[in-house]
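Undergrad: Let's have the full structure, built from the sequences with the hints guiding it.
Here the numbering used here is used: the first residue of the sequence shown is 1, the next is one more, and so on.
Worth flagging that the hints you see were computed from the coordinates, not collected in a lab.
Small disclaimer: the values here were computed from a predicted structure and weren't measured.
Every residue, glycine too, gets a C-beta built ideally from N, C-alpha and C.
Don't take every hint at face value.
[What the hints assert, rightly or not] Heads up, simulated PhoX-like pairs for lysine-lysine below, C-alpha to C-alpha not over 20 Å straight-line: (1) 190 with 147; (2) 207 with 138; (3) 30 with 190; (4) 190 with 138; (5) 89 with 282; (6) 147 with 89; (7) 408 with 30.
[What the hints assert, rightly or not] Estimated spans, in silico, between C-beta atoms of each pair: (8) 164 with 210: 32 to 38 Å; (9) 274 with 54: 26 to 32 Å; (10) 328 with 203: 55 to 61 Å; (11) 235 with 274: 56 to 62 Å; (12) 54 with 31: 45 to 51 Å; (13) 326 with 199: 35 to 41 Å; (14) 39 with 74: 19 to 25 Å; (15) 239 with 25: 47 to 53 Å; (16) 308 with 232: 44 to 50 Å; (17) 73 with 317: 48 to 54 Å.
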Amino acid sequence: MKYKKYTLLISIVTLFIPIWAFSTELVELKTLLQSALSQTPQVQEAIANYQASKSNVQKAQAGHYPVISLMGTQPLAQEHKYDSNALEKNLHLGVRANMNIYAWGGIEASIDREREKENYYNDHVLLTNENVSDEIGKLYLSVLRNKEILLIINENRQQHQKILNQLQTIVKHDPGRMSELTQVKARILKVDMSYAETERNLLLALKKLSILTGRNLQVDQLIDPFRNTDALTILQTFQDSTPENNLTYQAQLADKNSLQADLVVSSAERKPAINLELNATKDNREVFIRVSWNIFDQVTYYSHSQKEYALSAANARLRKTLLDIKEMSESAAINMTQSERQNKIAIEYIKQQQQVVTNYEKQFVIARRSLIDLLDAYNELASIKTSAVISQNDFRDSTLNYLAVQTKITAWMNQNTFN
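TA: Written as structure tokens, this is what we have:
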């Protein structure tokens, strides 16, 4: 069968799971992500920013529309060359309208800028989903890793306890072997220390996962999300040969394009402003074209210079993003395939070492093997099993990392069947 490579390891791990654990409702990582993502503050913030960016597009488009104001003028003091220009002393109510008739492409550029920002924030919503999914996934896998290591440690302790029980009986008849009893007790304490440290890591990861997802999760509810897949399947399904399609790259590209449009806006602002203006009161009507040009404005000069440098920096970030995507994708793919290979080797190694332990146990009973030989065999078996668990979990971590780099966690999550 195609996916037999973990059969032995799974049987070793599940052997020590309590019977009641199987009655617990399992929570798949995909299901957990689907239910938790929309509730996370990071995603809600990203959606709010996207909605704000859509409003900014409409705000930029409004630059083509006239601005109409009501005004009231109450003369307090006035002096004119011609008396006919003087205003009466009572309150003058009227309407003022102002509309740009030529902006050197500045308004269109500002619309383009805000549309690119809208694209950026849209990509940012999707990226936030990916990042939060990655964070939840890492905690989920951390719980699984520590849970499975605990099972190996517990098995190792049971083996030591079996020898301890035997020696306690032997010492009653042969006090000279008391030193061996002490050695076993010391080894058990060492195993207990390792158990306590691993259990602490498990509980911390589980608590963080429960808080982040808003669910009171139990250790036995979590299950390997990649149990029915392998590295080749992941690569064939989710590998994108065009890094430019990556969401991270697309977001950086939209950011660069918005800065480029902002530079056009800045250039237009340094040119003459040509506006059509209208003033109307009960006594007067005026329509005129106003041209204004700041011929000396250091603020706009340095602002334009700053935008040029910002665009150069954005271009550099875009190139770096592309390189990072390629490097991290290839690294994750290598880690995934190599961890899978190491796990196969470790499983075969476990078979051989289990036979060694069985032989040593028999030889110890008839005094053909020393206690140290047997304890070392136990430790070697525990070490190999731990290596198998670590390589299996490294495969899971690398798979999640590959999906994260490819920004394909959401695509994996939304697959119709659990893989």
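Undergrad: List, from low to high, the hint numbers that the structure doesn't satisfy.
TA: 3, 4, 6, 10, 12, 14, 15
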